[in-house]
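Student: Given next are the chains, with one letter for each unit.
Protein chains: 2
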Amino acid sequence: MTEPTSRTELSALGEFGLIERIASRVHLQHTTSLKGIGDDAAVIDPQGLHQVVTTDMLVEGVHFDLGYMPLKHLGYKAVAVNVSDIYAMNATPHQITVSIAISNRFPVEAVDELYEGILLACRSYGVDLVGGDTCSSTSGLVISITAIGAANKEDLVYRNGAGDNDLLVVSGDLGGAYMGLQVLEREKAVFKETGAQPDLVGHDYILERQLKPEARKDIIELLKKLGVKPTSMIDVSDGLASEALHLAHNSGTGVRIYDEKIPIDPSTYQTARDFNLDPTTCALNGGEDYELLFTIAQADYEKIKGNPSVTIIGHMTDKASGSMLVDKQGGLHELKAQGWDAFLKK
Amino acid sequence: MTEPTSRTELSALGEFGLIERIASRVHLQHTTSLKGIGDDAAVIDPQGLHQVVTTDMLVEGVHFDLGYMPLKHLGYKAVAVNVSDIYAMNATPHQITVSIAISNRFPVEAVDELYEGILLACRSYGVDLVGGDTCSSTSGLVISITAIGAANKEDLVYRNGAGDNDLLVVSGDLGGAYMGLQVLEREKAVFKETGAQPDLVGHDYILERQLKPEARKDIIELLKKLGVKPTSMIDVSDGLASEALHLAHNSGTGVRIYDEKIPIDPSTYQTARDFNLDPTTCALNGGEDYELLFTIAQADYEKIKGNPSVTIIGHMTDKASGSMLVDKQGGLHELKAQGWDAFLKK
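Sequence order for the protein chains is A and B.
Using my numbering, read the first sequence as starting at 5 and increasing by one per residue.
Using my numbering, read the second sequence as starting at 5 and increasing by one per residue.
Just so you know, not all the hints are guaranteed correct.
Label-pair ranges, simulated between beta-carbon atoms [said to hold, decoys possible]:
| hint | chain 1 | residue 1 | chain 2 | residue 2 | range |
| --- | --- | --- | --- | --- | --- |
| 1 | A | Asp116 | B | Gln201 | 44 to 50 Å |
| 2 | A | Glu158 | B | Leu32 | 17 to 23 Å |
| 3 | A | Thr35 | B | Gln51 | 16 to 22 Å |
| 4 | B | Arg277 | A | Asp116 | 42 to 48 Å |
| 5 | B | Gly256 | A | Leu226 | 46 to 52 Å |
| 6 | A | Gly334 | B | Gln51 | 47 to 53 Å |
Honestly, the hints are just simulated from the structure, not real lab data.
We put the beta carbon where it would ideally sit given N, CA and C, even for glycine.
Full structure from sequences and hints, please.
Tutor: Structural data, given as structure tokens:
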């Protein structure tokens, strides 16, 4: 990150000036993006594919704290969490629209930083920024992004397709983003009290999980390559427990998750211990990992067995068997969603 | 409007509870809406048509004042301003996503009122609410809506297609929404100072223009019926001057608007006079009228001549002739956009 060296007031540019400034940095790359910024609406040619639409809103003081979240990372993350939802449908993101409400306390250079991150993510995920809205805010920064993807109808994966005996699989590892947040919150509190500079040494992995999460484009590509079409899928934004319950509820099944199978990175594990937190609880309820949680037919087991990018953590059951966490001794505990809730957090 | 008679805290429902409450009131009506609320993303079947996407964000204290804007009207207006952008592409809106950031000071009943207006607009304009996001806000209410429409490629109308001699046409009348806002602001100030109840008698038309604007679906249908395809089109959100300049700039032409031709409703005219404002200035720069401004080929003149829904207010010219307002004596005045600017207003 570079500190802005000059300060230009937003009012000096005005809304149209700001839109032009943003538009000048955008280069459309998809043949499906027929018209981007600069008309009443963007135009997309679906080229025979189904369209998939998702939207997420990020609010300063609720979803992010600019005290430790650099604007460039925030822009990147705002795009990543949206395209993650598109991948969770087994679709490919093609376009995004970005709306921001921003107060005059931000200079134009801050908006540049934000869009630098947004456009970096656009390149990473191969999406075009085709529209949006910029307006002033009376207080905090609000970012609302809509992502549009495409897929063949037969490739789409919903939350409701899991069968009673399907295997439950998750990509990557869990709980890291939550532990990264704990470290950032702790150092912020220390800084407030003592003025001491943040001590973030040794926490690179979990900080990156929190500040610059990646949507798992690679997993969608891997599954395609392996010839595996999940029977149901969701991305892990609220926590493993909440997402597994969504799959079970929507599919009309039960679910068993084996505690010892849940993938947790050593640095996540160690930091949780340092904070006197149970690593499994962090993985189940922490959220913001943006991994993909999906079910596959037993017949596909051989295709993914041993692949280092994914872990089989359990299986679906009939509905009557309920949704359970299985501990290391084989004991059953009811699975509960204690994940992040927008209206309880603050 | 009915006053909420009970008060349920948002935290009592939680985010998932609120989403379920909203989803239970939504009934998909389009064959193109394959999947609505309840998965990682909505799914749309384009059925061979091009897709048109637009987004708008409304911020409390910037775009609306809940002191005089009932939540139901706010919901309706938030949808109307978005579908207006879809009509301005000569397309038909099919889907919307709605994201809201709302503080705990609002009860569940307030959210119900807001969505009552949103769903009323969905029925009026024939669109499906297929997704969105709900989150908490640390201060004001923020609404972000994305509208998705569809059209045959050859029917789409952009801002850049006007020819040098095309006629400039506007639907309805202008300046009313701005004058409605002036009346509301005045009565609010009086109420603050003296506690006197608002005197809104006789201002029905302009108040409705401000509080419950309609997108001009009927004009798109009329033009189709008359066999007129505009050469360029835009909706009037920032004011006639700003929009006419957009058409001229994008089309590489000049423009002439005749002062005496600008359609202004008698009640708009009278209220402007009462406020010591020039009615023409209100029409040129007031904004929020959500009428359609478009250009047509001279050859189409006979088809729209005398139609009470539209008014020919001028014509395009070669670029070198500039963008001009022609006064009643034939004098030329440079057309300037002094419309609403998001970063200057507050």
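Student: Does the structure break any of the earlier hints, and which numbers would those be?
Tutor: Structure breaks no hint.
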